[in-house]
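The primary structure of each chain is shown beneath.
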Amino acid sequence: MSAELEFEKLVKLYYRDLYRFGLSLTGSEADACDLTQETFYVWANKRDQIKNPAKVKSWLFTTLHRQFLQTRRHRTHFKHEPIDDASPDLPHVATDCVDRVDAQTLLTFLAQLDENHRAPLVLYYLEDLSYNEIAETLAVPLGTVQSRIGRAKVKLLQLLNEANATK
Amino acid sequence: MLYRGSIDDSDPQFHAQLEYAKGDPELGQWLQEQTERYDTIRAKLRGIEPPPGLSERIVRRRPIPFSRDWSRLVQLAAAILICATVTALLMKWSERRYRLVAGAQEILVTGEVLDMTCYIAYNLSGPNHAECARICIRKGSPAGIKAQDEKVYLLTGEPGQSINAELAEYAAQVVTIKGKKSVRDGFAQLQVEEIRKF
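The listed protein sequences derive, respectively, from chains A and B. Each residue of the first sequence is one higher than the one before, starting from 1 at the first, in my numbering. Each residue of the second sequence is one higher than the one before, starting from 168 at the first, in my numbering.
Quick caveat, the hints were computed from the structure, so don't treat them as lab data. Treat the hints with care, as some may be off.
If we take Cβ atoms under 8 angstroms as the criterion, some of the chain A residues that face chain B in the derived model are [unchecked claim]:
#: 1; residue: F7
#: 2; residue: Y41
#: 3; residue: D128
#: 4; residue: G150
We put the CB at the ideal spot given by N, CA and C, even for glycine.
Construct all of the structure, not just a fragment, from the sequences and the given hints.
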């Protein structure tokens, strides 16, 4: 397969997933588009270095996350709420509470999490990646990823509860 | 708490808890609610669509990287190496040749101009052989000079220049030649600089 066709096929396959991940990280449609585009261009320049084709997906997510970390130093879009290290139990959330919020509201809630917790939580919800793959993608230990997902999930459900209570 | 449903079924860390939940209806119910909630959030997030035309824009602006064809690079490196080796050998050969003449001793030799072919092959020289020697030297046969001490030198011009036409005029005559003497493989040669009729 020619490099051009391979590139096109890869874009068709993953651009949605990467865009959603980028959007969840940045909260900005334009920034998500830029991150997605830049990720594919990095792949185009380094494709020879990726030995295992099965790892392409996690490589793309890793690259997008790194691009995001590089650009975030210059920008602060969201006020981040710190998450306690202690991992509390999951709050009770009414079943229809989640049904009532739309995707945009969910993105707003995700944006309120600090990025160390947001990235693993987004991968947890969005992608069919195992915990090992999420850890590999974000270059953090497995235990750290799981505890961050746990705490971020509690925080997200709390935000959903609060939103539900105010309605 | 982290179990997502079918995605995590193959993850061994959940096996024990899932087995336990099967025997506890209340826990099983809670687990089902959790996975349904997970599915709902996931579906909402996955429902987000990128702006139209994003994939086309990415493909259209695709960078064209420099292709690293290693076999071509190896061929190129081999060609460069061969060229460099040949150039080095030629330079060494040229330098050696230059040194041979540059380091040559300048001498004066007085003696008879010979047609080397006739002299070496048939021992022909002297006035009786003058006409034959003139013709042969003019036609390009190697010329030489037999010194008074019986030593014979091959006469040559500057590299790439023949002096046969000039030497042919002195065939079988005694002359004094000023030139640079050098020896290779036992054969002496004299690179002619000046010819004086004796």
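Under 8 angstroms, Cβ to Cβ, is where F7 of chain A needs to be relative to chain B, so tell me if that hint holds or is violated.
holds, 5 angstroms
Residue hint D128 of chain A, partner chain B, criterion CB-CB below 8 angstroms:
holds, 5 angstroms
Quick check on G150 of chain A please, does its C-beta sit within 8 angstroms of some C-beta on chain B?
Cβ of G150 of chain A sits 6 angstroms from chain B, so the hint holds.
Once the shortest beta carbon distance from Y41 of chain A to chain B is found, is it less than 8 angstroms?
Because about 5 angstroms separates Y41 of chain A from the closest Cβ in chain B, which is inside the 8 angstroms limit, the hint holds.
Violated hints: none; the structure is consistent with every hint.
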